[in-house]
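Q: As a plain string of letters, each chain reads:
2 protein chains.
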Amino acid sequence: MDETTAPAISGATRLFAVIGDPVAQVKAPALLNPLFARLGRDAVLFPVHAEPRNFAQVITGLQRTSNVDGLLITVPHKIRACAFADELGRGAAVSGSANAMRREEDGRWRADNFDGQGFVAGLGARGHAPGGKVVRLWGAGGAGRAIAAAVLEAEAAHLLVHDPDRAKREELRGRLEEHWPGRVTAVDSADGTLDCDIAVNATPLGMRPSDPLPFDPKPLGEGTLVADIVMEPRDTPLLRTASAHGLPTLRGHHMLDQQLGLYETFFGLRNQASAEH
Amino acid sequence: MDETTAPAISGATRLFAVIGDPVAQVKAPALLNPLFARLGRDAVLFPVHAEPRNFAQVITGLQRTSNVDGLLITVPHKIRACAFADELGRGAAVSGSANAMRREEDGRWRADNFDGQGFVAGLGARGHAPGGKVVRLWGAGGAGRAIAAAVLEAEAAHLLVHDPDRAKREELRGRLEEHWPGRVTAVDSADGTLDCDIAVNATPLGMRPSDPLPFDPKPLGEGTLVADIVMEPRDTPLLRTASAHGLPTLRGHHMLDQQLGLYETFFGLRNQASAEH
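Respectively, the protein sequence lines represent chains A and B.
For the first sequence, the residue numbers in this note's numbering are 39 to 315.
For the second sequence, the residue numbers in this note's numbering are 39 to 315.
The shape of chain A in the complex, shown without the other chains:
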């Protein structure tokens, strides 16, 4: 028996799930399961493939499972997930998108979103903190919403939101306008002007080999950072194209890597572990 591939799961193991469609590409199990082991927690995180038509039943089933303590939510379910929370933390409330949910002691479910904080921390760690910068963001979906709120909270001078869906980009602009008036513009993707300091892909484009680029980075000015939130492949066609044109890039995994500590706090992993030892 190969012990490295045989999970030490017993009937008493606590459960965490990451819900997405697709789900085969998710990195959360490879990050969280070793973290549980390091912290001495008898817990496991597994991938849950929920097609959109099944999402309500799948998340309800998980929430009714008594030994499920927490959920991570990924594309395309982050916006719908908010409707399954009893209360929203600021990250979820401002963005209208959730990427983490936990069961409270009284059985209520609390949702929050750490994508934005994780993304901004990744920018900072690479010397590209968004304070005072002009940021262009492609994609007003679940992750895009959270990143938009976080770069404004981190004092970005202006945010331009690109999305081909007018209703989606205008809804996000309106939502952000309440908190950061006058600092957000919604842009049709067809708009050709691309001046900015930081250009972010927050669409899923790049996950599949057949995907078109979310935008063409070639017209971007010298020194513009091109960031992608797609984690698999590590070097997306967008990042490879940007790199080939001499632009600095930021890979998708940073957003998740930087969220590990936030998850530890949100899910109470550190406190409980220290109390147990």
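One should not assume that every hint holds.
Stated by the list, open to error - Coverage of chain B stretches by chain A, computed from C-beta distances (three or more under 8 Å per stretch; other residues unrestricted):
1. 47-55
2. 75-86
3. 89-96
4. 143-154
Said to hold, decoys possible - Beyond 10 Å from chain B on every Cβ pair, some chain A residues (computed):
5. Arg148
6. Gly170
7. Asp235
8. Asp249
9. Pro271
10. Asp273
11. Arg308
Hints were generated in silico from the structure; no laboratory data involved.
Think of the CB as a built atom: it goes at the ideal place given N, C-alpha and C, for glycine as much as any other residue.
Fit chain B to the known structure of chain A by using the hints.
A: The following block gives chain B in isolation, referenced to the frame of chain A:
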């Protein structure tokens, strides 16, 4: 990082669950996960705690999860599980109780019950094959139903079913009568006569320290085998009492151990593994 406790789970890992209430005592993860590893399958089995009021939502959520390939069902859900199957194998159809379900290629769910076969195989391996024997069974629940059908199929001369719930024991008697007429008697638990060759506890009594004995083994005749299906503790109060009176005993884990090969076939683990290697 302790690799023996860090499951090698990725987004592509296939899922199996064992559903029960309680669930902390289940042995299936400790048996099936090492089996998956030996067979080179990227799959994991985890425990799902579903209280009866949540069972319908929990099992529906699992069935709608696209990367769930199979389910094991344990106490107290085996009878209700049949209603969530699209088709029943003989073990489930005869007993009206299911302990295993798999997703077919067309998306339908097929249920079966291997508790009975597993239990009878455990008897045989210890030299107590039930052919020609008189068997007394306590408990007409999910596991009891499956064991009842299997000992009759294995040519037991007569089966006496004890259950304090008259409706439950009569329902089981009627169900078995259709297949094995004249070989089954339903008995009130208060009945004092205990003559038999094999006495089986198929109730959950013995799982909790405060449980009374399911029956008193002391009046049993010399050489009567006392078998328990409770797996935790390994030596239940019933088995300890029987042993102290010089009676041969059979522990609960044999029923599950003997089912491993049946699960391999039911879930297609062997065939797919050999095709992959």
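Q: If a hint holds in the structure, say so; if it doesn't, say that too.
A: Here's how the hints hold up against the structure:
With 6 residues bearing a CB less than 8 Å from a CB of chain A, the stretch 47-55 of chain B meets the requirement of three and the coverage assertion stands. With 7 residues having a Cβ less than 8 Å from any Cβ of chain A, the stretch 75-86 of chain B passes the three-residue criterion, so the hint holds. Counting residues of the stretch 89-96 of chain B whose beta carbon lies closer than 8 Å to any beta carbon of chain A gives 4, which reaches the threshold of three, so the coverage claim holds. Remark: the stretch 143-154 of chain B is not confirmed as covered by chain A, as 0 of its residues place a Cβ nearer than 8 Å to a Cβ of that chain, below the required three.
The Cβ of Arg148 of chain A sits about 19 Å from the closest Cβ of chain B, beyond the 10 Å cut-off, so the non-interface label holds. The claim that Gly170 of chain A is not at the interface with chain B holds, since no C-beta of that chain comes within 10 Å of its own (minimum 37 Å). The claim that Asp235 of chain A lies off the interface holds: its Cβ sits roughly 33 Å from the closest Cβ of chain B, which is beyond the 10 Å cut-off. For Asp249 of chain A, the non-interface assignment is confirmed: its Cβ lies about 18 Å from the closest Cβ of chain B, beyond the 10 Å cut-off.
Taking the minimum C-beta to C-beta distance to chain B, about 14 Å, the non-interface status of Pro271 of chain A holds against the 10 Å cut. Asp273 of chain A, annotated as away from the interface, keeps every beta carbon of chain B farther than 10 Å; the closest lies near 19 Å. Against the 10 Å criterion, Arg308 of chain A stays outside the reach of chain B, whose nearest CB is about 17 Å from its own CB.
When held up to the earlier numbered hints, the structure conflicts with hint 4 and nothing else.
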